[in-house]
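A.B. asks: Here's the letter readout for the chains.
2 protein chains.
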Amino acid sequence: MPKPIRIFDTTLRDGTQGEHISFSAEDKFRIAKRLDEFGIHYIEGGWPGSNPKDMAFFEKAKKHTFRHAKVVAFGSTCRAGNSPEEDTNLRALIQVETPAVSVFGKTWLLHVEEALNITPEENLKIISGSVNHLKAHNKEVIYDAEHFFDGYRHDPDYAIRTLLAAECSGADVLVLCDTNGGTLPHEISGIVHEVKKHVSAPIGIHAHNDCELAVANTLAAVQAGANHVQGTVNGYGERCGNANLCSVIPNLQLKMGHHCVSGQNLPQLSTLMKFVGELANLVPDSKQPYVGKSAFAHKGGVHVSAVMKNAATYEHIAPEKVGNRRRVLISDLSGKSNLSYKSEELGFHFDKQSEESTAIVQKLKTLENEGFRYEAAEASFELLVKHMTGQAPDYFDLEGFRVIVEQNAKGESRSEATIKVRVNGQVELSAAEGNGPVHALDAALRRALCEFYPEISAMSLRDYKVRVLNEKKGTGAKVRVLIDSAAGDNGWGTVGVSENIIDASWQALSEGVTYFLMNNSSKPKKIKPINDGKILTS
Amino acid sequence: MPKPIRIFDTTLRDGTQGEHISFSAEDKFRIAKRLDEFGIHYIEGGWPGSNPKDMAFFEKAKKHTFRHAKVVAFGSTCRAGNSPEEDTNLRALIQVETPAVSVFGKTWLLHVEEALNITPEENLKIISGSVNHLKAHNKEVIYDAEHFFDGYRHDPDYAIRTLLAAECSGADVLVLCDTNGGTLPHEISGIVHEVKKHVSAPIGIHAHNDCELAVANTLAAVQAGANHVQGTVNGYGERCGNANLCSVIPNLQLKMGHHCVSGQNLPQLSTLMKFVGELANLVPDSKQPYVGKSAFAHKGGVHVSAVMKNAATYEHIAPEKVGNRRRVLISDLSGKSNLSYKSEELGFHFDKQSEESTAIVQKLKTLENEGFRYEAAEASFELLVKHMTGQAPDYFDLEGFRVIVEQNAKGESRSEATIKVRVNGQVELSAAEGNGPVHALDAALRRALCEFYPEISAMSLRDYKVRVLNEKKGTGAKVRVLIDSAAGDNGWGTVGVSENIIDASWQALSEGVTYFLMNNSSKPKKIKPINDGKILTS
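Residue numbers (numbering that gives the first Met the number 0), protein chains in the order written: chain C, 0 to 537; chain W, 0 to 537.
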């Protein structure tokens, strides 16, 4: 039976427990606004009192009007021995003035007896006292039953009694947490069914991914009667992460027919994933279901030709539904179908059977063996094809460059680059400083070219990524540099590979500039002679 | 009911369809030997005839004696219109002389009619003809029913008829493939139950992760009666990947009591994951369940103090069972419990309440805000703590360095570094070339120091990683450099952060050397004065 599901996002609280996750208060606020626009029902912002960053977030959030979402403060039930009125934790929860709070209490006797060192009865009093106190302050109370499934396996009666303590004190939702992430879907399903026999408050699920089952466990709980779902964007969270809302939401909504967010908003999902990933400063997982860059990418030749006839043959949903798109990859596994699909996107028309096409596939294989990847460097791929078909533009030749980085005894450093280029027979020498060697080289190149191509001032470097290949070889290893350049809203990627990071950067930098000039310069293009070497560095 | 499960690894075939995956024939052979040692039953090596790499692999494999595993060649059933005897695909499958072959046939009428353009009856003949032919050549035949679940939803009778065509022709296993990865666990479960009513051959499952449910779907199929499981190491594979055997195997064996590999071998799982990741040249996913670096990492202060009392409080299994280990993270979320656990590992004893401990936590927060991460740079963390407690060793002072990278018009480049260090009042100037700027700087530093500390020749750089922070700022962005140094089997990590990649590298390089000298030099240590600046770069 389709039903409305309340989505509770804990990216800003449980998500930040992930190993490489750290958000500033401003990051948190920006993410909260995005989650609200997307249609999330609850946004857990942090644990007031635990650190100044979370307090700053709640201050900002208080002054903002959220359209859909309720901001939630998280904290523990009161400390053993404290009265709820005096408890600093509960006081902090009330002081941040959020409409809703989530409090966690203990279910598992192992924790009650070993970690808290109190009796089972005292624990029940802590739960009911804390919930009662928060309800008396007019809070919507989300009760998180920590380690619910482990506790239930150990002592089902006591686990149910902890839920009843929260329910009788007025808790609005009872969230069953698989805190250690060790429970399997059929166990989740069985236990939620049992719980529903004893309590009447709405049931929530909070799953962790330690068995790679967080999404499945969440769906199993919903099928067994839960209608409140906790998770994080991209599955960020402690250890192996929390249930990934970017998978949970489309599964519930597109596959199971439940209602989570407005259908109009669902195509924002891919952007949301990238936005949060960028603020977390983590490279997005290209394999991520639904929203990842590879989720609708086709590499095998058989798949590509079938998808070109009918997309449903190898796609479980239309990528647009979650704001993603189909991609066809160029790689050494790719047959000529892939190459011709890709080339047509770029405006080339190949006869699949031609010698030209065979030569390009061969060349791609060689370059990929050397470490080049064209999946994110479509401008380099286009230049390569143009080069091999006698259409490579010729804007400048490098006569040489020198990059110097110095550091003195005070730790002060200075980077300088000099470059000599030849344009239409005229030689230009220029120098520039930068806050690093590549920055200096980029500045020197632009300076050398701007006299000939003043339009170059419209383009800029947007992103710079370095990947070390064969990492085991230490500083002598090859590096691959990917550069994203942009002019206004248009962006393009280029790639360079070398054992020397400056050389690799130069390849990508100079191709980025050439690609821009090819599309924007009013000067007539000269064409370079065909050869099968590298494009600009040979 | 616990039962023996046959594990079928397709890392070398379906895994290589993943976006960034590419193995040489030698890589494939090394992986196959590891999988065999681990106790995998079937190793699918590739698609003979599709490319020379796969042919080279089968040549190597033929000459090797595998202890447990059968090597499997993969291919399609014969082409419409071909007789099995004449079909090049089937011929290639037979010629590679593997004991087992897997052949895929069509289940879904959409593919039969739209992609193959043949009648449903012709498709059944292709399946039975191909299986018959392979059985006549004494092959163990694993029949992959492509798009089985999509086909079943569309026309259950026809889907069963395709299985019966394979079964009646002698197929040894019928593998139900969720090729597009769009099926949910309860659907898998229901359909496998139905299939079991019609066929008596063993059932296999081949799941893809497009809904983040590949592991759950695999477990659901086993619960419904499947006893042959296909997947890949680390879940590599087309689009969102295949079922991840690193999660499937421990779930089946440790949680559900089935038998997959010898219990003695299971602790090799974490090494297997790293080994394959290294050959794939992909950064391992630290969040990966069971085997990831973060899978048993504890960051929140509450969790850390509980785990220190009893590990079961926040760990679903003992990490040793899968060859992993517990880690306690140092981060801005970490309370003093984490710091004291970590410090004791390093041999420091802190009073949790001391001013010293507060100052270090403060300092850590500041450095983490600047982009430093100590999770993989334990040597830098140790130096930081020593520094702040007046125990920092003083082996050399930097007077200055200069790094020069030049490239000429022919594209030839040269990297050179000069460095001036002071040791015990004596100044040493040295120069070195390298195949990149960091390599040259490393060489110059070692040369300058080797006169004073000849033991330095025993250490080397093992790994060099560059991460660009705030990527949107182009070449002016900050970079974080992580360096892994080693002497024999001992390795240690150091970190540097700067807008200038050479400066960041210098920080990590020089701390790596200092850490080595601190533990290996026979020279008496001088102690630096306490200050709260950076350790070696200030």
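One or more hints might be untrue.
Because identical chains cannot be distinguished in the list, a pair is counted as satisfied if it fits within a single copy or across any two copies.
As the list claims (entries may be wrong) - Straight line, CA to CA, 20 Å or less: simulated EDC-like cross-link-like pairs of lysine to aspartate or glutamate:
hint, residue 1, residue 2
1, Lys409, Asp26
2, Lys196, Glu25
3, Lys464, Asp284
4, Lys61, Glu121
5, Lys196, Glu405
6, Lys409, Glu58
7, Lys364, Glu84
8, Lys464, Asp154
9, Lys273, Asp284
Note that these hints are calculated values from the structure, not bench results. This structure is a prediction, so every number in the text was calculated from the model and none was measured.
A.B. asks: First find the shortest C-alpha distance between Lys61 and Glu121 inside one copy, then the shortest across copies, and answer within, between, both or neither for a cut-off of 20 Å.
C.D. replies: This pair counts as neither: shortest intra-copy Cα distance 35 Å, inter-copy 68 Å.
A.B. asks: Give the relationship of Lys409 and Glu58 under a CA distance limit of 20 Å: within one copy only, between copies only, both, or neither.
C.D. replies: Classified as neither; 41 Å inside a copy, 60 Å across copies.
A.B. asks: When no copy is named, should Lys196 and Glu25 be tagged within, between, both, or neither for a Cα gap of at most 20 Å?
C.D. replies: neither (44 Å within a copy, 58 Å between copies)
A.B. asks: At most 20 Å between C-alpha atoms: does Lys273 with Asp284 qualify within a copy, between copies, both, or neither?
C.D. replies: both (10 Å within a copy, 18 Å between copies)
A.B. asks: Within a copy, between copies, both or neither: which one fits Lys409 and Asp26 at a CA-CA cutoff of 20 Å?
C.D. replies: For Lys409 and Asp26, the Cα distance exceeds 20 Å both inside one copy (34 Å) and across copies (47 Å).
A.B. asks: Within a copy, between copies, both or neither: where do Lys464 and Asp284 come within 20 Å Cα-Cα?
C.D. replies: both (15 Å within a copy, 18 Å between copies)
A.B. asks: Between copies, within a copy, both or neither: which fits Lys464 and Asp154 at Cα up to 20 Å?
C.D. replies: Answer is neither: 52 Å inside a copy and 48 Å across each miss the 20 Å cutoff.
A.B. asks: Classify it for me, Lys364 with Glu84: is the Cα-Cα distance of at most 20 Å met within a copy, between copies, both or neither?
C.D. replies: Answer is neither: 70 Å inside a copy and 32 Å across each miss the 20 Å cutoff.
A.B. asks: How would you label the pair Lys196, Glu405 (within, between, both, or neither) given a Cα cut-off of 20 Å?
C.D. replies: For Lys196 and Glu405, the Cα distance exceeds 20 Å both inside one copy (72 Å) and across copies (76 Å).
Checked against the numbered hints above, the structure breaks hints 1, 2, 4, 5, 6, 7 and 8 and satisfies the rest.
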